[in-house]
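*Asks:* Take a look at the letters that make up each chain.
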Amino acid sequence: MNFPILSSLILLPTIGALFLFFTKNKEGNDLTFKYVALFTSVVNFLISIYLWISFDQSTSSFQFIEERKWIEGFINYKVGVDGISILFIILTTFITPLCIISVNNSVKNRVRDFLIAILIMESFMIGVFCALDLVVFYLFFEAGLIPMFLIIGIWGGERRVYSAFKFFLYTLLGSVLMLVAIISIYWITGTTDVVQLYEIGIDVKYQNLLWLAFFSSFAVKTPMWPVHTWLPDAHVEAPTAGSVLLAAILLKMAGYGFIRFSLGLFPIASEVFTPLIYTLSIIAIIFTSLIALMQEDMKKLIAYSSVAHMGFVTLGIFTLQQQGIEGSIIQMISHGLVSAALFLTVGVVYDRMHSRLISTYGGLVSVIPKYSILFMLFALASLGLPGTSGFIGEFLILMGAFKDNFLVAVIASIGVILGAAYMLWLYKRVVFGKLINEDLKKILDLNRSEYFILSCLAAPILFFGFYPDPLINTIEVSVTDLINMHNTNIASK
Amino acid sequence: MENLNLVLPEIFISLSIMFLLVLGVFKKDSSKIIFNFSLFAILITTTITINETFSITRETLFNESVVIDRMSSLMKIITLVGGFLVLIISSSYLKTFKIYNIEYPILILSSILGMMVMISSNDLIVFYMGLELQSLALYVLATYNRDQLKSSEAGLKYFVLSALSSGLLLYGCSLIYGFSGSTNFDIISNQLNSDEYVLTFGIVFILVGLAFKISAVPFHMWAPDVYEGSPTTVTLFFTIVPKIAALTVFIRFLYVPFLNLIDQWQMIIVFLSIASMIFGAVAAIGQTNIKRLIAYSSISHIGYTLAGLATVSNEGIQSSIIYISIYVVMNLALFSCLLMLRRKDQYYEDIDDLSGLSKNHPLLSLCLLVILFSLAGIPPLAGFFAKFYVFKAVLEQSMYFLAIVGLLSTVVAAFYYLRIIKIIYFDKEKEKYDSDHSLWLKFSLASSTILILLYFIFPSQLIEVVSRINII
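Sequences listed follow chains Z and X, in order. Going by the numbering used here, the first sequence opens with residue 237, and the numbers climb by one from there. Going by the numbering used here, the second sequence opens with residue 1484, and the numbers climb by one from there.
So that you can see chain X by itself, here it is in the shape it has in the complex:
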């Protein structure tokens, strides 16, 4: 008999989704209740995850197709917390656009379920199932503000391109299956050896598909359009939560089934990393829309996380996970600020709308200052430490080229973050924005900013948690 307690979080969240769907159908005007219920469900799921799986080193279930280990439980917790925070700061934005419906929390819950399945997958089919569940929910979320042309366009673009990448992924999976005769990661790992050249195609197809999901250059084209078009809260969701899951799968693929084929994939990852860092930094310079800019900045941040993965060491993997956790906090803070740029039921998302913000909203601008400098990686803010750990791991493997290119691209990236700070602090002020924000929004901004600002006092805690993860 399998120990079903290990998948209790997934079971619980699926049951909640079904229950909420039924409730939503039968009860009128239930969006508020469903919002609260889903928040509650995420909270409970998080508690269950912590209780049941956090202390487990490694266990497998269902013929080894699902794996519960330290990485999966940590990443699930980050995913859940991220989803929770996105959900609580969404409501006022959704109400403004009159799309405060029951579907929103349910879709978010389903995509979180998909991600949790992805994170735990140790089997090609389980992985693909989770991926499709989350993707389908995300397509709908992208078009969630369906009366707006841009939102529908974003959803359609996302759907077409993402379906293409899923196709590539599946093709890669089938090639791998053909060579190894199994869909299980561990068995594949033992079966594969680098003598078979066609195998490289399989790896490349899978990596392309995954790179697409995390929007690494050159498979990033969808990201700016989708990020700009989707409703802001959905963009926030896109920029943080799916990336965590996709990164976990990335790590899992590289270091379990493909571990023996390092020669084949290491250069690919280095290339993806360098290309993303440089392109993300350069392309963001000319942007005028904040959401587009964030899209490019997230591309370059993904470059840094990939740099950690390219090192083929536990240190590297840990540094990537640290990077993505700090990145989640920074993006959450940035979007909280963005959601505060509201004047009479209209949200502003151009960089010029920030002009002179510091005169009318000194606190908000100070938070933005901290967040932007942190994104630029200036010490002593959290963003610096994220980069620091990554480059520490990269230099341990003597990959000097990668480290120097990465650090030089942070200088380029610093330029566009500075440009925003310049607009906030040095330029002429505009009309005041509304300041009656929901308590949750203020809370999420304040807490994440303080985390960023004071991370340097207690840097060891995060490392301690992450350093328990040993994949290789």
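Bound-form chain Z, shown alone:
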């Protein structure tokens, strides 16, 4: 296998963006731009599907590895995938084309620049998930801030400036400590290559501090309580496509980081800090679910529900059980699909009514039935109804949690009920009830592109809900080996 498939996955969107950049920006060219961007991202999706097909599920070692000298004697550009990261790559390449299609409806000005930002963002996100060198990882992780800052700031809502700044500075503040940790790891072990670091291991006396430094970055990005406050702001103000990218993929970088780096590199410290993560996750689940109940803004409600769902994810990861970690990964994938779908459904009515307030709506079921059905599906998937992908993830996480700590699992289960409460109440207030608002009578049902996007998202949600084997088979060996490695590390020290 000599063809650099991962590098081409990373580079292709950037090349598409460059192409757009050098095309003349004339009025009426918008459609062409969209097709070019869509073409690029669909090709990327196909490549990633090919990657998944040719991926060997029976081994946990990294595949499709590429390694090039980058900074002499210091850092190598190294990428590769294993069972954990490949799903995130596919999620990224799957969501991006849908975002580009949705641009039709939500972004009116500077379409070309918007598409360029999204494509560049895609490059960076894929880079994050396949980087096998800490510095390369950091580079992609941080670089993503630039396009996201612009997406929120240029195309966002009223308080976009505040939100964009908050997003940028919060995440930057978290990550600089991670940079200190990465450089320290280099001086402690002499390498930043993740594969080598797995083998060498890091001295126990450094682990706690390094773990905390990584944690500071991932906690902000996840986001965990109490540093989650940037997320509702960013979500609310970002344009629909931006919210989708943010919720579906950006948040997963941190969950991925926890599994790949916190668990993999600092096993002892992970054990030490498990109570901390449990506490924060539980607070996130209960507290933000309660906050979500009280929201009047639909996007804000979904944003808080994201925090709660990511609370489940962090909880699952640090159960350090097979089910817990597998559940977390599936929950992340599922949340990627569901939250993207929910933001898009909110986007649909927002484009028509220009209001995100729940009180504006009510009784939508009688005017736009198609929309209401899809919305119902996504709401149910979000609260984890059996038969949707949301269920598999939450169930596995709770199973892992019960194995590890009974009390935590019980409290987390309450979170599931709260999740059902806020989602169903939202659905009731928006879709059912009397049609009071006169303007709503003229509202149009889904147009073709919206229908297409939402069905594209509904299909995998249902499919993996009934038949999660393809996901579980892909991650199983990698997760088992991760846990074995963890246990041997714990036992030996």
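Please note that a few of the clues may not be correct.
Said to hold, decoys possible - Beta-carbon label-pair distances, calculated as ranges:
hint	chain 1	residue 1	chain 2	residue 2	range
1	X	F1926	Z	S297	45 to 51 Å
2	X	F1926	Z	S691	50 to 56 Å
3	Z	S290	X	N1953	45 to 51 Å
4	X	G1664	Z	L445	46 to 52 Å
5	Z	L526	X	K1911	56 to 62 Å
FYI, nobody ran anything at the bench for these hints, they're computed from the structure. We put the beta carbon where it would ideally sit given N, CA and C, even for glycine.
With chain Z's structure known, arrange chain X on it following the hints.
*Replies:* Just chain X now, with coordinates in the frame of chain Z:
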């Protein structure tokens, strides 16, 4: 017989200065010719420097009072290239203010000569001579737009404060001479030992004087006023070229004569570094004038270069040199943008004048975007790597406090860079600016921006050149 080839660049540039002076006096309306000649002279000097000195590991001349080593030749080349670029993008600005005179290139050449002498100095007296030559030329340059009150004020302020710092420097030098009995760096290095406490005064005086020249906190007070008042092209010159020379001298002083006294000066440098990083970041937040803002940002950038020096390792010195080289490119790009904000013979330099620039000037704003994110140190732009190398060196010495304070202050600094980006991209647009810029200006902006943007593809080259420098 000394090998005069080694100082051929200095000899050539002095001869050119004299020739140009004579030419300027005798020929009327010769400013254009003199501009072109001085550009040519810098080019030739650069070539000579590369040819004669680049491959030399270390040689000394004139009773060891002048040293040619890898650091001096590299720094001379950066100085010359910086001077060259400043000169080629100056002309249209100067013409607008009707100060396109023969003195400008000649003064720039003389200050470059002074810097080259400084860079090569291995002797207190040679060093001081070079320093004064460059300073005198810079005083005049600061007041170059003499019809404007602000420019004259800037020059006067610069003169008074800089003369004071030179005084401190000289006092320090005399103390050092008194203790060691020699003005030669190598001999001083052997003579000094940390038993004599009064010696610390000498070191402190010299460090204060040098900190003043590179405008490190708390000796930075002159910088914002002088940067704001001077003509923009001169400000550009101030922010890049003298800093290179001063940094070289800083390195030379710390690591040759004072090497045995690390305990005495390391804390001072750490303090200067931390203070500059924090103060530069915090004070820039409230600024409304771009040039003032750049002054504060350059203060914080100097903080990062000093962080590299504080490590007392070759790695640290190399990282400082890398930092300053990348900083030169970034500042050059930033000023090229600033010089493009022209509307009907008037230059604009308030941050609000950038408002909504992205609507009318998408390319210019994109360049600014890249430059500002790079200054803020966001990957994958060159500015990130500059900081990365510095912190790598700092952490190698386990100076965690310095590294964490430095990185946290980059977050603060990111705020004001983001503010400019916000104004460019998120705010309402204003009138269009002229777009008939000189080719050189466009060239310097384009090339420096591309360098910043694509540095991450070939990061090894710069390191390779710099890693040949081993001072300790």
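*Asks:* Check the following: the C-beta atoms of X:F1926 and Z:S691 are separated by a distance inside 50 to 56 Å.
*Replies:* Since the Cβ atoms of X:F1926 and Z:S691 sit about 52 Å apart, the hinted range of 50 to 56 Å holds.
*Asks:* Take a look at whether the Cβ-Cβ distance between Z:L526 and X:K1911 falls inside 56 to 62 Å.
*Replies:* Since the Cβ atoms of Z:L526 and X:K1911 sit about 40 Å apart, the hinted range of 56 to 62 Å is violated.
*Asks:* Are Z:S290 and X:N1953 spaced within 45 to 51 Å by their CB atoms?
*Replies:* 49 Å, holds
*Asks:* Given the range 46 to 52 Å, decide if the beta-carbon distance of X:G1664 to Z:L445 lies inside it.
*Replies:* 49 Å, holds
*Asks:* Taking the Cβ atom of X:F1926 and the Cβ atom of Z:S297, is their distance within the range 45 to 51 Å?
*Replies:* 50 Å, holds
Checked against the numbered hints above, the structure violates only hint 5.
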